[in-house]
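Note that numbering that gives the first Met the number 0 gives residue 378 to position 379 of the sequence shown, counting from 1, and the numbers run on in steps of one.
Keep in mind the hints are simulated off the structure, nothing from the lab.
C-beta atoms are modelled at their ideal positions from N, C-alpha and C, and glycine is treated no differently.
Misleading hints may appear alongside valid ones.
[Stated by the list, open to error] With a straight-line cut-off of 25 Å between C-alpha atoms, the simulated PhoX-like cross-links for lysine-lysine are:
#: 1; residue 1: 403; residue 2: 346
#: 2; residue 1: 463; residue 2: 140
#: 3; residue 1: 353; residue 2: 403
#: 4; residue 1: 471; residue 2: 502
#: 5; residue 1: 446; residue 2: 471
#: 6; residue 1: 112; residue 2: 471
#: 7; residue 1: 140; residue 2: 332
#: 8; residue 1: 461; residue 2: 140
#: 9; residue 1: 387; residue 2: 416
#: 10; residue 1: 403; residue 2: 332
#: 11; residue 1: 380; residue 2: 104
#: 12; residue 1: 416; residue 2: 353
#: 13; residue 1: 104; residue 2: 150
#: 14; residue 1: 446; residue 2: 103
#: 15; residue 1: 416; residue 2: 103
#: 16; residue 1: 387; residue 2: 403
#: 17; residue 1: 502; residue 2: 387
#: 18; residue 1: 150; residue 2: 461
#: 19; residue 1: 353; residue 2: 332
#: 20; residue 1: 461; residue 2: 183
#: 21; residue 1: 140; residue 2: 323
#: 22; residue 1: 112; residue 2: 166
#: 23; residue 1: 461; residue 2: 332
#: 24; residue 1: 471; residue 2: 416
#: 25; residue 1: 463; residue 2: 416
#: 26; residue 1: 323; residue 2: 166
#: 27; residue 1: 502; residue 2: 332
[What the hints assert, rightly or not] So the derived label-pair ranges between C-beta atoms look like this:
#: 28; residue 1: 250; residue 2: 321; range: 48 to 54 Å
#: 29; residue 1: 503; residue 2: 265; range: 26 to 32 Å
#: 30; residue 1: 232; residue 2: 294; range: 53 to 59 Å
#: 31; residue 1: 503; residue 2: 166; range: 29 to 35 Å
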Amino acid sequence: METYYVSSLWCVPRHFFDQLGETDQSNCLFCRGSAVWSRVSEPLHIYIYIFVCCYINVLLNIEYSLFLNDIIEDDKECFSLSVSGARSLSMTAQLQAQVQTKSKKTLARPGVKNIVLVEGVRTPFLLSGTTYVSGSFLMVKGLLHRTGLPKDAVDYIIYGTVIQEVKTSNVAREAALGAGFSDKIPAHTVTMACISSNQAMTSAVGLIAAGQCDSVVAGGVEFMSDVPIRHSRKMRKTMLSLNRAKTLGQRLSLIGSIRLAHLSPELPAVAEFSTAETMGHSADRLAAAFGVSRIEQDEFAVRSHTLAKQAQDAGLLQDVISFKVPGRDIVSKDNGIRPSSMEQMGKLKPAFVKPHGTVTAANSSFLTDGASAALIMSEEKALAMGYKPKAYLRDFVYVSQDPKDQLLLGPTYGTPKVLERAGLTMSDIDVFEFHEAFAGQIMANMKALDSDWFGQTYLGRKSKVGAPPMEKFNLWGGSLSLGHPFGATGCRLVTTVAHRLQKEGGQYGLVAACAAGGQGHAMVIEAYPQ
Numbered sequence: 000m001e002t003y004y005v006s007s008l009w010c011v012p013r014h015f016f017d018q019l020g021e022t023d024q025s026n027c028l029f030c031r032g033s034a035v036w037s038r039v040s041e042p043l044h045i046y047i048y049i050f051v052c053c054y055i056n057v058l059l060n061i062e063y064s065l066f067l068n069d070i071i072e073d074d075k076e077c078f079s080l081s082v083s084g085a086r087s088l089s090m091t092a093q094l095q096a097q098v099q100t101k102s103k104k105t106l107a108r109p110g111v112k113n114i115v116l117v118e119g120v121r122t123p124f125l126l127s128g129t130t131y132v133s134g135s136f137l138m139v140k141g142l143l144h145r146t147g148l149p150k151d152a153v154d155y156i157i158y159g160t161v162i163q164e165v166k167t168s169n170v171a172r173e174a175a176l177g178a179g180f181s182d183k184i185p186a187h188t189v190t191m192a193c194i195s196s197n198q199a200m201t202s203a204v205g206l207i208a209a210g211q212c213d214s215v216v217a218g219g220v221e222f223m224s225d226v227p228i229r230h231s232r233k234m235r236k237t238m239l240s241l242n243r244a245k246t247l248g249q250r251l252s253l254i255g256s257i258r259l260a261h262l263s264p265e266l267p268a269v270a271e272f273s274t275a276e277t278m279g280h281s282a283d284r285l286a287a288a289f290g291v292s293r294i295e296q297d298e299f300a301v302r303s304h305t306l307a308k309q310a311q312d313a314g315l316l317q318d319v320i321s322f323k324v325p326g327r328d329i330v331s332k333d334n335g336i337r338p339s340s341m342e343q344m345g346k347l348k349p350a351f352v353k354p355h356g357t358v359t360a361a362n363s364s365f366l367t368d369g370a371s372a373a374l375i376m377s378e379e380k381a382l383a384m385g386y387k388p389k390a391y392l393r394d395f396v397y398v399s400q401d402p403k404d405q406l407l408l409g410p411t412y413g414t415p416k417v418l419e420r421a422g423l424t425m426s427d428i429d430v431f432e433f434h435e436a437f438a439g440q441i442m443a444n445m446k447a448l449d450s451d452w453f454g455q456t457y458l459g460r461k462s463k464v465g466a467p468p469m470e471k472f473n474l475w476g477g478s479l480s481l482g483h484p485f486g487a488t489g490c491r492l493v494t495t496v497a498h499r500l501q502k503e504g505g506q507y508g509l510v511a512a513c514a515a516g517g518q519g520h521a522m523v524i525e526a527y528p529q
């Protein structure tokens, strides 16, 4: 006798649900509410298995669909049913059912638009000799070339950056115009320190979720080899006064007031505005506070460079687009990856807290040039245009804390919040990508996440969050080895998670990063069904 599994108004043969037990409680595939799949031996018995949640939806004339693509491999046909006289399946119902996977529930929610990462690209990191604006618009062009996206299909462009070019306050707009987009497409630039391109991407998500856009290009850019350098404040004041002077005598008097010290330039600040402490100094103090040794930091740095080199050699860094540096050769790969030994690492002296500090140039991320870009769309739009998305962009949070003593603990504060929003635990995450500002910062966050005391004292939890397992953590290298162009790193993190989920067969990924000002970000990313 054939065994049947039923839910709501119909049944299907037993072999379609080999993964289900005698009775399996799960989210209903149709109304997303709580449902129970029960086993019966007679098809006629299905009429007694009408659940209240689904029955209410029937009264509301809502369509249901059941897709078994991810449950069986030998039958790719979709099974569907239209209720209450409906003749066709709604796109929303199809998309919600499509993301159901074998092992874990999807994070799709009823009435909430699915937003996807279609593609992400970046320059090789650690370039030099190019310009701030050219790097950004060439990446936008590269994104268009890789995706074949018509320029008129983009509704909005958002870019993140930290140290802005003085000649433009809106690099996103210049990138859009430089890449040949219509002047009718709006663009704006955001800044949030090291999570600026994360902010650009989540701003894109917000525009799509609100129904304002269907297709947004988001990314970031930073060129540390061409930062704006100012005259001293006194010199700037004198020059402005000269510009306003009306007589020759006034001009000569102002010129005569200039002293040699006034000619000293001002470099962009590398210290926190509120504390006057450099980030490296703060990282050193944080490592000491959590008992992170110099050896632990050097070991992590060696790991980062080694894994990055392996990923590069294996061709896993698919987001990198070759880039022509003006006056130089084409650069096609990150050139800051330098696998080393513990002996070589140990020779370096402390870079910030001297002479007894533990943070060195080798276990810190380096100043980097680079740009990134991502195409973010509503799922309906992406599928309608024939794209196969890489991942769903799900829940995200931004956090902030004390910039003096907890400047770099953004991942520790952001991780539990975003997991709670998504209804997940650390064990549900298959891929972790944390921004590696400093090896000491990463190890301090690991210890904070794994500390009951920290969880109870600062996170308001009964116990620790738990540290990510290293076998899932930054397996293709990180900012220590790949480089860290401030405004572009966040986009790289998200794209890397999407690629790793595809490569490793995972379902959920977590991005987390710290930022200047004691801020942080975390996002859950869900693999797109293959």
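Satisfaction of hint between residue 332 and residue 461, Cα-Cα up to 25 Å: 45 Å, violated
message: So if I understand the rule, the pair passes when the alpha-carbon distance is 25 Å or less; does residue 446 with residue 471 pass?
response: 17 Å, holds
- request: Assess, step by step, whether the Cα of residue 403 is no farther than 25 Å from the Cα of residue 346, and give holds or violated.
  value: With a Cα-Cα distance of about 30 Å, the restraint between residue 403 and residue 346 is violated, given a limit of 25 Å.
query: When you check the alpha-carbon spacing of residue 416 and residue 353, does it fall within 25 Å?
result: 36 Å, violated
- request: Sort out whether residue 416 lies within 25 Å of residue 471, counting only the CA atoms.
  value: 20 Å, holds
Residue 463 paired with residue 140 [C-alpha distance capped at 25 Å]: 45 Å, violated
task: Please work out if residue 112 and residue 471 have their alpha carbons no farther apart than 25 Å.
output: 29 Å, violated
- prompt: CA of residue 502 to CA of residue 387, is that 25 Å or under?
  reply: 15 Å, holds
- prompt: Taking 25 Å as the top limit, are the C-alpha atoms of residue 461 and residue 140 close enough?
  reply: Judged against 25 Å, a Cα distance of about 49 Å means the pair is violated.
task: Measure nothing beyond the straight line between the CA atoms of residue 353 and residue 403; if it is 25 Å or shorter, mark the hint as holding.
output: 19 Å, holds
message: Hint check: residue 140 vs residue 323, CA-CA at most 25 Å. Holds or violated?
response: Holds - the C-alpha atoms of residue 323 and residue 140 are around 13 Å apart, at most 25 Å.
- prompt: Given the hint that residue 112 pairs with residue 166, does the C-alpha gap stay at or below 25 Å?
  reply: 38 Å, violated
The structure fails to meet hints 1, 2, 6, 8, 9, 10, 12, 13, 14, 16, 18, 19, 20, 22, 23, 29, 30, 31 from the earlier list, while all remaining hints are met.
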